[in-house]
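A.B. asks: Letter by letter, the chains look like this.
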Amino acid sequence: MEVKNTRRWVARGPNVWLVAIAALLLAALLRLMLHPLLGPFMPSGAFFIAAALVEYYCGLGPAMLVMVLGLGLADYMFVPPYFQIEVITRRDIMLAVIYPITTLIVIVLIERLRRAQFRAELMALVAQSRYEMILRHDNEQAIVRRTLDETHRLVLHLAQYNKNLILIQALEREAGSSHGAALAGMRLPAPNEIAPGPRFGELDPDELKRFRNGGLAPGHVWVRFKQGDAPPQRIECLCERFTTHAGDFLVLRLGD
Amino acid sequence: MEQAQDAAAISRCGDHAVLLLHGLSSSPLEMRYLARFLHAEGFTVSVPVLEGYSAGTVEGVMEQWVDAAVAEYDKLAAEYTRVSVCGLSIGAALALAVACRRNSLQALVLLSLTLSYDGWAIPWYRFLLNLAYYTPLRHLWRYRESSPYGLRNEALRSKVERAMKRGDISEVGPATISLPALHEAQRLARSVRGQLSFIKNDCLIIHAIDDETSNPRNAQFVARQIGTPFLRTIWLDDSYHMITSDNERETVARGTAIFLRESEAISRGDNSAGLVVSKALARRLRHLSGLAGAKR
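Residue numbers (my numbering), protein chains in the order written: chain A, 13 to 268; chain B, 483 to 778.
Bear in mind the hints are in silico, worked out from the structure with no lab data behind them.
Here the structure is a predicted model, which is why all the values come from computation and not from measurement.
There may be inaccurate statements among the hints.
Computed footprint of chain B on chain A, listed as stretches where at least three residues anywhere in the stretch have a Cβ under 8 angstroms from a Cβ of chain B [stated by the list, open to error]:
#	region
1	95 to 103
2	151 to 164
3	249 to 263
A few chain B positions that, by computed beta-carbon distances, are all more than 12 angstroms from chain A [unchecked claim]:
#	residue
4	S493
5	Q546
6	A560
7	E561
8	G649
9	H665
10	I691
11	Q702
12	T710
13	P711
14	R714
15	W717
16	R766
DSBU-like mimics (lysine-lysine), calculated; alpha carbons at most 35 angstroms apart, straight line [said to hold, decoys possible]:
#	chain 1	residue 1	chain 2	residue 2
17	B	K641	A	K16
18	A	K175	A	K221
19	A	K16	B	K682
20	B	K761	B	K647
21	A	K238	A	K175
22	B	K682	B	K557
23	A	K16	B	K557
24	A	K238	A	K221
Each residue gets a CB set at the ideal place from its N, CA and C atoms; glycine is no exception.
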């Protein structure tokens, strides 16, 4: 896939050009310092290195600038006769041919590699974003699957313990935060709404009040049942929680 | 233009309001799809026409744009518990400016953030426009939008091209932008660049890697500099600049809605909204929070 922005892998602006000029001057200075040692040997070496480094950090335009100005400086300062432009020798011609060709090859290759690197970095960013999206999607699916399993368990539970059921209580859930209900587009039950089971009528009225006030929790629960005129009898019951796509429910039934 | 004015409205729904800021010299039409999606997801959505900034108003300076956006934010903040700000292109820079002035905002969503015009379709001589601003050309010359109009989707692009030829505005923006508006946009970008580290609000950045107007470096720069502890970045590869209208607009809208819900849930201390069942996602989120911690 082509990414056209790879051509712009380096930031625009005056800074890259200033860096290029600084690199050119530094290369000229270093070559000048080494001139007593090197003499006419490799007059363009420092400019070649400067152009390659500028290409790596600042891009094609500034590197070309370093190459062109470097050619002029190398020829003028480091090819004998020094600091004269009137005389053109074999050395001048060699420099004018070999230096631009080698430098061009290197900076063009670096440019291609830098573009490829930038493209790879951009594609990696997209891949990471996609990976996260897939993970979130999987997570949503897992939540939906879990709530469906719970719904299934609730239906089986209701069928199995139908005769022992005392009540089903709907739990309040934040409307905006619901994965299941929001996805399914279903209306949530009213907070603490209680649906009676077959044994609901036997429940002590105080217990009902307690459950309405949020006194019911999953686990084993001791519940008082009416005994006609006799004092209420305490019986161990079982309360289970079901997180379904339509909301959360507590189911209270007589223990086994 | 009438269509653009009609698109500016508040759609009331939940207690979380989202202020949507369109691009430079453009209209609320740009945000229409996103606005509808967010409204359907239970957010109150406001897509205002800003005096001095939007198409059809008298052009103003960037301070006027920021004042107008902040005034819209204040209006929503007076009515709703949570207000988030979402901007497209220069609208994203405007959203950052609002965040600098109102640190109480819930979350920031920066779409195709433009702090400098440096995408692949911007000509190399673009810098000359900055100089032209100081000449009489500023009143005579206007920057004319050209193909691909921020759109990778070719069918939509042809439709927009026809609309641009017929009138002065389309659903992806104006046909031309004046030099003073571009100059003010640049001033706005410069002013928010230096203040990014002071922004601590939750932030989502969505950017296309092949954005022809704003290079991905704009988004990377903000991601590096912004001071928020909760930052998410989504990169797109099948869109250009107008990500709210292009091929991946559904991804943009869905990503925005999910992020706003999560930001809301985190601030409320409610874990159920960000319920993580998938172990792979949990590992990924731990990895990301580790990276964010290392950045801080």
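A.B. asks: Let me make sure I understand: some of the numbered hints might not hold for this structure. Which ones are they, in numerical order?
C.D. replies: Violated hints (numbers, rising): 1, 3, 10, 11, 14, 15, 16, 20 and 23; every other hint is consistent with the structure.
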